[in-house]
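Assemble the whole structure, with the sequences as input and the hints as a guide.
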Amino acid sequence: MANATRKAGRYGKALPQFPTGLKEFKAYLKQGAALPAPPASVTKFRDVTAWPMFGNDQYGDCTMAAAAHAIQCWNAITAEKDRVPSDTAVVAEYFKLTGGADSGLVESNVLQTWQKQGLWRNKIVAYAPINVHDQTLLQQAVDLYGLAYVGIQVPQNAETQFQDKQPWTLVQGWQTQTIVGGHAIPVVGYDQQYLYVITWGEVQQVAYDWWQTYGDEAWAIVPNEFKEAGGYQNINLQQLIADLQGI
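Residue 40 in our numbering sits at position 40 of the sequence shown; the count goes up by one each step and never skips.
Don't take every hint at face value.
[Claimed, not checked] Below 20 Å or equal to it, Euclidean Cα-Cα: the simulated EDC-like pairs (lysine to aspartate or glutamate) are:
#1 K26 to D243
#2 K7 to D164
#3 K116 to D243
#4 K44 to E202
[As the list claims (entries may be wrong)] Estimated spans, in silico, between C-beta atoms of each pair:
#5 Q156 to A27: 32 to 42 Å
#6 T5 to D47: 18 to 28 Å
#7 Q238 to D57: 18 to 28 Å
#8 D57 to G173: 20 to 30 Å
Source of the hints: derived by calculation from the structure; they are not laboratory data. Ideal placement from N, C-alpha and C gives every residue a C-beta, glycine not left out.
Take a look at the structure:
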């Protein structure tokens, strides 16, 4: 939820883990197929009027908050009314997956649960990793599937930039910045200058060179609504799902 005063929240993204047997998203393109070129910008996320904190000011549940924000974003794009969980429900699911400790979670483990068991009665069809340095593919994922589920290692000055309502950009002396935590966020839009992510209840602009420096994982997600709309036609979805079942 947008606030006059912004304050950085908590961290709880563990280091990336890429399941054996799951290939990068590009590997699931059908033979001879290509994804459509991404448009210059994607800004449908602006139709969402409020982004809850989902407990991430008190707990390191960013991996779960990012998933809940994804549901909001998909609702805005598809005009569906899938249930958006409450803060209490997000926090409860977080502690269920951690076993009760405020220890953070691995993004790929959250995605596995989301795909196999569901989160808050919402299930995704499939997911696969994206090379964090492939800017075009990241934009294609956002365009085709509404968002990308990503992870970053946050430098200390990013908290100040966030609180001052400034974009996350590389500034003089960035090489000496201490990393203060791993953080999960959804990339919900982009234009020529910035990526747009949701963090700590706010929309945050992210410069591309900042992302290239601090992004450490990215995942394309195929939600059910997009599968029904045929938004996976160039992807060998059957093979991707089979690989996920083997994890």
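Return the numbers of the hints above that this structure violates; sort them in rising order.
Hint check: 7 fails alone, others pass.
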